[in-house]
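Asks: Residues per chain, in single letters:
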Amino acid sequence: MRRCSRKLFWRGALGLLAFSIFAVDLPFTPLFTGEGTRHPLPAAMLGGIAVFDADNDGLLDLYFPNGAPLPVGLKTSPAHSNRFLHNEGNLRFTDQTADSGLAGSGYDIAATAGDYDHDGLTDLLVSGLRGITLYRNLGQGRFEDVTAKVGLDNHGRWSVGAAWLDYDRDGHLDLFVVNYVQWNPATERACVVDGHPDFCHPRFYSAQPNALFRNNGHGGFTDVSIPSGIASHPGKGMAVAVADFNADGYPDIFVSNDRVFNFLFQNSGKGTFAEVAFDRGVAAPASGDPPSAMGVDAQDYDNDGRPDLIYTALRDETFPLYRNQGSDFQDAAVSSKMGVLTRPMNGWGIVFADLDNDGLKDVAVARGDVLSPRGARGDKVREPLSWFRNLGNKQFALGGNFAAPPAQYRGLIAADLNNDGCLDLVATSLSQPARVIPGNCPAANNWLKIDVREAGARVQVGSQSRHVSTAQGYASSCQCPLHFGLGPAAAVDVRVTWPSGRVREWKAAKPNQTLVTQ
Amino acid sequence: MIPLLLFFFQAADPALLSQQGAQALRAQRFNEAESAYRQLVKQDPANPMWRMNLGITLHSAGRYPEAVPEFDQFLKTNPPPGPAHLLLGLSHLKLKQPCDAIAPLEKAIRWNRDQAQLELADALYGCKRYGPAAKAYEAALTTSKKSPAVARQAAHCYWNARQYADAKRLFTGLPLDDPTSQYEFGDTLVRLDGPEAGLPYLERAAASLLPARAELGKALLALGRAAEALPHLEAAATADPALLLPLSKALRATGRTAEADAAQTEYKRKLTPDR
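Here the protein sequences come in this chain order: G and L.
In case it helps, the working numbering puts the first sequence at residues 3 to 520.
In case it helps, the working numbering puts the second sequence at residues 12 to 286.
Among the clues, some could well be false.
Claimed, not checked - Simulated crosslink set (EDC-like; lysine to aspartate or glutamate; CA at most 16 Å straight-line): (1) G:K451 <-> G:D422; (2) L:K279 <-> G:E277; (3) G:K339 <-> L:E77; (4) L:K281 <-> G:D291; (5) G:K272 <-> G:D246; (6) L:K139 <-> G:D196; (7) L:K279 <-> G:D291; (8) G:K272 <-> G:D170; (9) G:K451 <-> G:E507.
It should be emphasised that the hints constitute simulated quantities derived from the structure, not laboratory data.
Start from the sequences and build out the full structure, keeping to the hints where you can.
Replies: Set out below in structure tokens:
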């Protein structure tokens, strides 16, 4: 008992040490919301992050979509530009937007990294108010807009996220696009919240279907939204998580929806999807009230080999956490304590990440109210970045707030930006610069990174597992090596399983290194 | 208070008509007082005091719609916080116009907080501004109108405003002898401390309140006590279709699969129109 208490004390002390280093503002103009004097809904929805190694120099670069003046939604100034920051090492970044071809022209919200053409260079899909844009990576930090050339067309729908996945396992990356609501500035009503003009509730906007594009392997895409069954389900999509939830070898798709039932598209393996969110228990929390579901992540937090689900929501709704039990999901918000811990929070981006390298995936969350700071809540719309420590008994405790000023945080990615084996965080917030929170994990804990870039590949390290997913949290993406904290372990067995069934194993791999395999 | 006010406003102009009006008002002969003050307003329209006294007469007679414009007229030339703000706010409250009462009562508390604080809290509550109402009720606990009922109302407002930590702080010091307080406190504890903490209070309130049965059912289900949750969820789902989902989970957990499927189908059907 005494021993246990002492152990818990040190765990708490380490928790205070972790992430006590102050956040670094990036050389990047703040997100431009275009809010103006009115409250057009898109202004609340910026913006995500893509983290990927654009030039294969071993350092992860950053890309930030940005807004534009509303209601037109076209960029008219460099202040509205999307930003591409090249990683120079040691958490220093240079703005290389101008030469990259990634500045964009519309109201952009999300970015998703993936090598769709298998040329070894990571490409970028940017989602926004009027559709999607595919940038092909030409190498040396330059990109080309190939949207029309490859036949991608989201029909002008408002997209807030996407995921690259190989749904038909033909070896080519297909594209799932998350579409939010129909927005028409001419008919948008003026809403009042607690006596002040503010953003409207999503019920005032019509739903729209998501989209699925099949990669034909010859540099083009075919819209298969209708034949796949995806288009039959209009929703108010906020984010997507792709994982093989039922372990049948095919990637399934979870879509969090804003105040309507979530979707779980179960892959039949024959080019179609069945919507099974109710059957699997993830359509709505056990309370029965569909929350304002926001960002989502799917990884195995309890080390049972199955990908679990967590998504953010708004204050008093709690962040639902679902344990994958194989045949269905268990609503674990109460038993994990996440329900009580997250009730006062407004959440957007969320990631499962082992922030202290103890071998247990913690949860980091980008917080911030959806409402305007000019509304009834004033400065209270700004909240901190927080994290929850995985206690290893299927429960979480509040790890604390990161040393970054309160803001309306949105996108969040955990990635090792300086290759020190400790996960750093990068977060966006409305009207403020993006921030990096350097990791500061205990030196006694070991780590291992596996660089396998194929979406859907599954990596087992000891009792832990992770899969490669190109969509993470809210409007964000990380084409990054998979990171595993190992605690004091001196050697671990590693097994990588590709979607094709190919397997590679390392026996007693040494810690504190990056294993690269393609 | 009103006789004192009359004395104050009359002291500066002791004309006969004014004396008659004041005497009639004190004797609650409102028609007579009204007549006197209306004559004074006609003879001396530049003197705002006659409008104030006419407003007091009409307010005292329960003729609030007519009193409001008289106070408004008076305040146009006498804007500093004073009794007219209190009486205007009270008139709006009597007229069930709580949102209109807020501005004058906010000024009135700068004149006399003891008199106006509770009325301001009532106005904010009536206007469904629960957060500010809770703070106003809590401030009223420092006035002469302090009572357990005011504390309960403050806690109730904090609960409505979803400020559960403050609700818990206030509820904790109260006797909680009514089902509504038991329900709200139980719900508060579920949200702050988890379902187990709120169960005793929800169980007491569930005997007479359907919303308490709903929360009790959800709390029991979350604790894995589906069989115990079932009767509460069945009862509460008749009023709230969102409860059909937890009901279906409770039915499934107790082996009533066909009924669970039916409840889930009904839930989807009833909640889908939100799209």
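Asks: What are the numbers of the hints the structure violates, in ascending order?
Replies: 3
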